[in-house]
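Q: Okay, here's what each chain looks like letter by letter:
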Amino acid sequence: MPIALEVVDAWFDGEKNLTCSMKWRVQRFETRTPRSIFECLVALSSGIVPNGLKFRVSCRPQYPNSFSFQLECNHPVNKSNLPIYRLELEPLRAHKNQPDAPGELSGLSIDRYVTHEHHFRDNVAPDRQMLNESSDKHARIVEDPPTNFDGAIAFLSVKLNIRNLTDIPRPRDQGVLL
Amino acid sequence: MTDQAQTTTLDARIKQAISNLLSAEQNGEGSLLNMPIPYPSGALVVLEIVPNAGSYFVSDVGFGFQEAEAYGAQGFYSHSAKQAAQKFGVSFDGYSIFSQWVGDSGLESALVYVANASKNAAERAIERAIEEKSSQKTDELFDRVEKIFGPKMVRRKLEIPGR
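Quick mapping for you: the protein sequence lines, in order, are chains Z and L.
Residue 1 is where the first sequence starts when you use our numbering, and the numbers rise one by one after that.
Residue 1 is where the second sequence starts when you use our numbering, and the numbers rise one by one after that.
If you're looking for bench data, these hints aren't it; they were derived computationally from the structure.
Positions of the beta carbon are idealized from the N, C-alpha and C atoms, including for glycine.
Misleading hints may appear alongside valid ones.
Here are the simulated EDC-like cross-link-like pairs (lysine to aspartate or glutamate), alpha carbons at most 16 Å apart as the crow flies [stated by the list, open to error]:
no.	chain 1	residue 1	chain 2	residue 2
1	Z	Lys-79	L	Glu-146
2	L	Lys-82	L	Glu-146
3	Z	Lys-79	Z	Glu-133
4	Z	Lys-23	Z	Asp-13
5	Z	Lys-96	Z	Asp-122
6	Z	Lys-159	Z	Asp-13
7	Z	Lys-79	L	Glu-132
8	Z	Lys-79	L	Glu-127
9	Z	Lys-159	L	Glu-132
10	Z	Lys-159	Z	Glu-15
11	Z	Lys-23	Z	Asp-167
12	L	Lys-15	L	Glu-29
In silico contact screen, one side only, chain L against chain Z (beta carbon under 10 Å); selected entries [as the list claims (entries may be wrong)]:
no.	residue
13	Asn-34
14	Pro-51
15	Ser-55
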């Protein structure tokens, strides 16, 4: 069964909590400096984690101002995830909206380092009230954006209504190869 | 506006578009280059180019992996990235897709093939994640239907004669 948008709305707007210990994980690779990941399941106020609802942050120590924050859930049928909301804080990658994006988002070009957000509501045609695989294709620029990790966490704790989001520590500058 | 003025304006706009799409930036010991190739999310491929003892190291900085991860397809990425690396003549280290010891005359080719391998690997991993459980669900449905109607009444595949 696909997930109805009104259900996702309830998850998005409702009060939530991270359910894990606040620890970053470091991935190391042969030819590159490592990257840091934070992943945690997110519970509704009832204590239920619906459809594997998860909050994820990733960053690279060599690019300390660029972060990707994502709220996502499991696809109800296959093994992919459905991004519900993603904040790209000063990203290294530029973004181009497709021409079929709605209204002012159509064809929007977002340069590298311009903080932007992918909201599931910007990615669903009015006649299709279900969350689908293309739930994050279109993005919009964040007005008055946060400019660092702490600012982004404060911004997201309000936007996503996750009560203990501010408990996530800053990633340490660990793992930069000398 | 005269035809010549229109042509000049169009020419200037196209040059600006190309410049916007292919912008490069010095970053530490190397450069980051935007490529006009979109991943499934609409983010553009970005490559890091680092001079390396008279040659270049060109890498996707692991963004293909990150793209797959955004859709829960990281478990499929290694397989698809190995295939893409082989197909496009580049390398994969478990995270980044790259080409190393690129000579001066081979830089443009390396940029094109590393970028396309990265996009291809991410796309394929995401496709496989989408296909995977779907086929599992199909198997489950077949098993249920077979239980209800019995094995003599149900076929997984059936050839239908005729045009």
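Q: Give a verdict on every hint.
A: Do the hints match the structure? See the list:
no., hint, in the structure
1, Z:Lys-79 <-> L:Glu-146, "25 Å, violated"
2, L:Lys-82 <-> L:Glu-146, "38 Å, violated"
3, Z:Lys-79 <-> Z:Glu-133, "11 Å, holds"
4, Z:Lys-23 <-> Z:Asp-13, "25 Å, violated"
5, Z:Lys-96 <-> Z:Asp-122, "14 Å, holds"
6, Z:Lys-159 <-> Z:Asp-13, "8 Å, holds"
7, Z:Lys-79 <-> L:Glu-132, "6 Å, holds"
8, Z:Lys-79 <-> L:Glu-127, "10 Å, holds"
9, Z:Lys-159 <-> L:Glu-132, "33 Å, violated"
10, Z:Lys-159 <-> Z:Glu-15, "11 Å, holds"
11, Z:Lys-23 <-> Z:Asp-167, "10 Å, holds"
12, L:Lys-15 <-> L:Glu-29, "28 Å, violated"
13, Asn-34, "5 Å, holds"
14, Pro-51, "15 Å, violated"
15, Ser-55, "14 Å, violated"
In terms of the numbered hints stated before, the structure departs from hints 1, 2, 4, 9, 12, 14 and 15, listed from lowest to highest.
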